[in-house]
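Guided by the hints, dock chain S onto chain W, whose structure is given.
Read off the chains here:
2 protein chains.
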Amino acid sequence: MDRRQFTGSVAGAFVGAVVSRSPIAPFTASSMRHGGLDANRLNANIKALSAFGANPQGGVSRVAYSDFDRAGRAYVTDLMRAAGLDARVDFAGNIFGRRAGTDAALKPIVFGSHVDSVPDGGNFDGTVGSLSAIEVAQSLAEGRVRTRHPIEVVVWANEEGGLYGSRSVSGQLKAPELDNRTWSGTTVAEGMTFLGGAPSRIDEVRRQHGDIAAYIELHIEQGGTLERDAINIGVVEGIVGIRRWDVTVTGMQNHAGTTPMDQRHDAMLAAARFVDMVNRVVRAEPGRQVGTVGRLEAFPGAPNVIPGRVVCTLELRDVDASKTQRIFDAIAGEAKHVGEANGTTFDFKASHEDAPALSDPAIRAIIDDAAKELKLTTRHMPSGAGHDAQAMAQLGPMGMIFVPSIGGISHSPKEFSTASDIERGARVLMGAVLRADTLA
Amino acid sequence: MDRRQFTGSVAGAFVGAVVSRSPIAPFTASSMRHGGLDANRLNANIKALSAFGANPQGGVSRVAYSDFDRAGRAYVTDLMRAAGLDARVDFAGNIFGRRAGTDAALKPIVFGSHVDSVPDGGNFDGTVGSLSAIEVAQSLAEGRVRTRHPIEVVVWANEEGGLYGSRSVSGQLKAPELDNRTWSGTTVAEGMTFLGGAPSRIDEVRRQHGDIAAYIELHIEQGGTLERDAINIGVVEGIVGIRRWDVTVTGMQNHAGTTPMDQRHDAMLAAARFVDMVNRVVRAEPGRQVGTVGRLEAFPGAPNVIPGRVVCTLELRDVDASKTQRIFDAIAGEAKHVGEANGTTFDFKASHEDAPALSDPAIRAIIDDAAKELKLTTRHMPSGAGHDAQAMAQLGPMGMIFVPSIGGISHSPKEFSTASDIERGARVLMGAVLRADTLA
Chain W
13 MDRRQFTGSV AGAFVGAVVS RSPIAPFTAS SMRHGGLDAN RLNANIKALS AFGANPQGGV
73 SRVAYSDFDR AGRAYVTDLM RAAGLDARVD FAGNIFGRRA GTDAALKPIV FGSHVDSVPD
133 GGNFDGTVGS LSAIEVAQSL AEGRVRTRHP IEVVVWANEE GGLYGSRSVS GQLKAPELDN
193 RTWSGTTVAE GMTFLGGAPS RIDEVRRQHG DIAAYIELHI EQGGTLERDA INIGVVEGIV
253 GIRRWDVTVT GMQNHAGTTP MDQRHDAMLA AARFVDMVNR VVRAEPGRQV GTVGRLEAFP
313 GAPNVIPGRV VCTLELRDVD ASKTQRIFDA IAGEAKHVGE ANGTTFDFKA SHEDAPALSD
373 PAIRAIIDDA AKELKLTTRH MPSGAGHDAQ AMAQLGPMGM IFVPSIGGIS HSPKEFSTAS
433 DIERGARVLM GAVLRADTLA
Chain S
13 MDRRQFTGSV AGAFVGAVVS RSPIAPFTAS SMRHGGLDAN RLNANIKALS AFGANPQGGV
73 SRVAYSDFDR AGRAYVTDLM RAAGLDARVD FAGNIFGRRA GTDAALKPIV FGSHVDSVPD
133 GGNFDGTVGS LSAIEVAQSL AEGRVRTRHP IEVVVWANEE GGLYGSRSVS GQLKAPELDN
193 RTWSGTTVAE GMTFLGGAPS RIDEVRRQHG DIAAYIELHI EQGGTLERDA INIGVVEGIV
253 GIRRWDVTVT GMQNHAGTTP MDQRHDAMLA AARFVDMVNR VVRAEPGRQV GTVGRLEAFP
313 GAPNVIPGRV VCTLELRDVD ASKTQRIFDA IAGEAKHVGE ANGTTFDFKA SHEDAPALSD
373 PAIRAIIDDA AKELKLTTRH MPSGAGHDAQ AMAQLGPMGM IFVPSIGGIS HSPKEFSTAS
433 DIERGARVLM GAVLRADTLA
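Protein chains in written order, with my numbering: chain W, 13 to 452; chain S, 13 to 452.
Just chain W, same shape as in the assembly (with noise of 0.2 Å):
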């Protein structure tokens, strides 16, 4: 695509766009930008969501295939249905809220986010993207506008354990990981039946590349430098590689009361010592790579017995899958060290693995423009997040556009971002929309 097709006038952004005028909801190209997409709306249809799962002492807890994920899903289904949109549940548990376009031969613009939540999240991580998505739908219906492309407006399932949904359309689901034991207690296939998908049937949901015209997830940052330098707009150039592993520590159960110090090769001490070294290592060298114990267990986990083995989760993320391969190695070098002082040994058994994903120039040239059209301040950035749209970038061209997080919090219930940032994001998601209607 040619990025200066955007350029120039406003008009030129919707020249794919046949515009169905009704006295009603009159549309124009202004109406569309500025009062056709409803922010009351959707800044309601956010905390009627939070609703679901939502915990006493603030945030959520909508894990993926929990009751309160169903109910949620429920909700954002109705929504969809009421935006005009054919909405259905594929066999891995995604919701597709399908509109037809004028030209038949073309293929579907697909944008939208996610639902589920971790456990005691926030209310706008992938909610703000999903509900945003779903008003941008709506707001097209009822602006009479009839796209060229088919619209998809999607909500994946489970983003937050590992990108199942999305990574099943991307065909980048291994078999095996339907085994999988999720934060609701289910394994993933249970998980995807209990939402309406059918797990033996996966293979079916699959798409293959060039089956997508354009990919588009508006989303928080998660991180705090856009709300720091004042910035409305985050166009994402690439997101991290994610990689993830289960840290067996093995050492000697015993009595924490008849067993000296000197003879102990207590499991717990020796995880420690790893989760203190792991820090130290990922700090060692420049760059924005995180690493992170985020989980760790001790068995048999009383105060008077010595652990005899602690199981921890490690996780590194970057945007250059060869650094965190040289990280990687250089932890699991210091572990053996760290074993080796007190008797115990280390394990290390990969769980998880995103590649990390560049977003499409000519779609960050999109949303680029639609945000400088509406006056808004953009930053090109990476994402240290993993999102749906990585496994999209498989499929056709993606981008992603954020939206400030206030004091950079998130996976809290802490996380916040104001009506008005969500409002602009938004907006820029229609715009991205309608130009990306533009493409062939």
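Some hints here could point you the wrong way.
Because identical chains share one entry, a pair is satisfied inside a single copy or across any pair of copies.
Unchecked claim - Taking lysine to any residue pairs in the SDA-like style, the calculated list, with each CA pair at most 25 Å apart, reads:
| id | residue 1 | residue 2 |
| --- | --- | --- |
| 1 | K361 | A201 |
| 2 | K361 | Q69 |
| 3 | K361 | P68 |
| 4 | K348 | R295 |
| 5 | K59 | H392 |
| 6 | K426 | D359 |
| 7 | K426 | D274 |
| 8 | K59 | R158 |
| 9 | K361 | G313 |
| 10 | K119 | Q337 |
| 11 | K426 | H277 |
| 12 | K186 | L386 |
| 13 | K348 | M273 |
| 14 | K348 | E309 |
| 15 | K348 | H364 |
| 16 | K348 | D288 |
| 17 | K361 | E309 |
| 18 | K348 | R292 |
| 19 | K387 | D50 |
| 20 | K384 | R219 |
| 21 | K335 | M273 |
| 22 | K426 | A153 |
| 23 | K186 | V331 |
For the record, the hints were derived by calculation from the structure and aren't laboratory data.
Positioned in the frame of chain W, the structure of chain S alone reads:
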């Protein structure tokens, strides 16, 4: 008691017992020592009890108040009744099996142990002492030996969780502790009820100082010193005090991909440095004190979330309470600095305390004499583990008999004591009980 009373002839030890001769099981002092006690039956009973809560990979999870605990207790209650004991469950859930003595004015000699285990524990901790006590009673009955004192074989409830049964009897249990959550998932009060007790009437099980003539407990050492130095019997000088805290580390929960390493308030990292520091501080001065972090949980506990909170246990043990306090003060002081380094805070909440308890010199002498009579080697030693005996020390003269633990391993499926060592311990228990019966 004058120790010299027990030197000299074996028969001297039995001076207080009325021996009923029988054609079926003729009793002599010699038969009581060598054949009257059926070591094969004892070891078979230990094996049979190990089936209740047996883990597939070995060892046992028969935590107090669980279904397995209740079933195991029913099994030992049957053994007690078969031994001619009047077995009943008290309001705290302890099982007492009593047989009257010939002198109604005398207080009982109490001996026994417990049958509950830690999660993923072994088959000898508590079990050896409980079943040996029953075997002693059974052999006395079969030998038609009637003691002067009443004898009470006791199987304490919930030893591993913190001596709940014995501290009820000694009056040391505080009412709020009845609400404590236990490994079985129930509260202590619910657990006592589950075992046939009545926590609302717990005050009625309390005994006063002087209500018992003696308390004697046989137990595995749970450390490796007796086996290492080829000593048959440990004569316990005293039991270490135990203090426990719940430690809460509070940081800032955040997204593991978007939060730069230098902007994290990672509760897991602070907790890890705490575990390492505890090890260093406890080892900083000479002595047998120990410190353990046996349980640790991070919240929310997801691989892609920086933990905002970690809760772990801290346990310190020593025979010198002032030393334990000094070490705790040092740990709490250093924890403050650990927290300051990454913007986290530490909070300590005392959860449990057992005061150190010394055994009675006369009972120690009885045990030593009984062992020497059997030509066994002895060592006087402290107990690093807590035991119900320390609660009983509040009520009268207390003593404990240790037998070797192979490899010093305990609170583990690998816990093991040989059948020969168990037999030796049971015989010393028999000798000690009969000697104690000569006390006024």
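Cross-check of the supplied hints:
no.: 1; hint: K361 / A201; in the structure: within (21 Å within a copy, 42 Å between copies)
no.: 2; hint: K361 / Q69; in the structure: between (35 Å within a copy, 22 Å between copies)
no.: 3; hint: K361 / P68; in the structure: between (36 Å within a copy, 24 Å between copies)
no.: 4; hint: K348 / R295; in the structure: both (19 Å within a copy, 23 Å between copies)
no.: 5; hint: K59 / H392; in the structure: neither (29 Å within a copy, 69 Å between copies)
no.: 6; hint: K426 / D359; in the structure: between (35 Å within a copy, 22 Å between copies)
no.: 7; hint: K426 / D274; in the structure: between (44 Å within a copy, 20 Å between copies)
no.: 8; hint: K59 / R158; in the structure: neither (29 Å within a copy, 78 Å between copies)
no.: 9; hint: K361 / G313; in the structure: both (22 Å within a copy, 18 Å between copies)
no.: 10; hint: K119 / Q337; in the structure: neither (37 Å within a copy, 72 Å between copies)
no.: 11; hint: K426 / H277; in the structure: between (39 Å within a copy, 14 Å between copies)
no.: 12; hint: K186 / L386; in the structure: neither (42 Å within a copy, 67 Å between copies)
no.: 13; hint: K348 / M273; in the structure: both (21 Å within a copy, 24 Å between copies)
no.: 14; hint: K348 / E309; in the structure: both (20 Å within a copy, 24 Å between copies)
no.: 15; hint: K348 / H364; in the structure: within (22 Å within a copy, 36 Å between copies)
no.: 16; hint: K348 / D288; in the structure: both (14 Å within a copy, 17 Å between copies)
no.: 17; hint: K361 / E309; in the structure: both (16 Å within a copy, 21 Å between copies)
no.: 18; hint: K348 / R292; in the structure: both (16 Å within a copy, 21 Å between copies)
no.: 19; hint: K387 / D50; in the structure: within (19 Å within a copy, 93 Å between copies)
no.: 20; hint: K384 / R219; in the structure: neither (33 Å within a copy, 83 Å between copies)
no.: 21; hint: K335 / M273; in the structure: between (39 Å within a copy, 16 Å between copies)
no.: 22; hint: K426 / A153; in the structure: neither (34 Å within a copy, 69 Å between copies)
no.: 23; hint: K186 / V331; in the structure: within (23 Å within a copy, 57 Å between copies)
Of the numbered hints stated above, those contradicted by the structure are hints 5, 8, 10, 12, 20, 22, listed in ascending order.
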